Amino acid sequence: METKPFETLLPPNRFHKCDFRFDINVANRAAHNLNGSYELRMQLETVGEKDLAGDNNSVIERRTFSLDATTLQFLSQELDKMIATIPKCQRFR
Numbered sequence: 001m002e003t004k005p006f007e008t009l010l011p012p013n014r015f016h017k018c019d020f021r022f023d024i025n026v027a028n029r030a031a032h033n034l035n036g037s038y039e040l041r042m043q044l045e046t047v048g049e050k051d052l053a054g055d056n057n058s059v060i061e062r063r064t065f066s067l068d069a070t071t072l073q074f075l076s077q078e079l080d081k082m083i084a085t086i087p088k089c090q091r092f093r
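Okay, so the sequence shown: first residue is 1 according to the UniProt record's numbering, each after it adds one.
In short, the hints are calculated from the structure, not lab data. Just so it is clear, the structure is predicted and the values come from calculations on it, not from any experiment. Idealized CB from N, CA, C, for every residue including glycine.
Computed beta-carbon distance windows for the label pairs:
1) Lys88 to Asp68: 29 to 37 angstroms
2) Met82 to Glu61: 16 to 24 angstroms
3) Cys89 to Arg63: 18 to 26 angstroms
4) Met82 to Arg62: 15 to 23 angstroms
5) Lys88 to Ser66: 24 to 32 angstroms
6) Pro87 to Ser66: 29 to 37 angstroms
7) Cys89 to Glu61: 18 to 26 angstroms
8) Thr64 to Pro87: 29 to 37 angstroms
9) Leu67 to Cys89: 14 to 22 angstroms
10) Ile86 to Glu61: 19 to 27 angstroms
11) Arg62 to Cys89: 17 to 25 angstroms
All chains should be modelled from the sequences, with the hints used to inform the complete structure.
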């Protein structure tokens with residue numbers, strides 16, 4: 001199983017004026033059945049406003065879960081809809 005540390009494309013202070021930040025980082029990738037299909041293990045992280053300002057005393061919520069390719073494609077489509085609906089919302093890849 002391939003594992004790497006979580007990385008963020010942009011530093012947290014890039015979002016210092018945001019009320020909400022939604023990060024999805026790929027933790028690792030593993031073949032999970034005999035037909036060679038893959039799953040992605042993702043980490044969902046919500047960061048409060050104090051954390052974005054550099055206050056490390058606040059709680060950052062993290063949850064790890066797995067997505068197969070179909071579910072990941074659905075999530076991507078839903079994020080695109082959200083970005084189209086909310087003018088200030090941005091997506092970084």
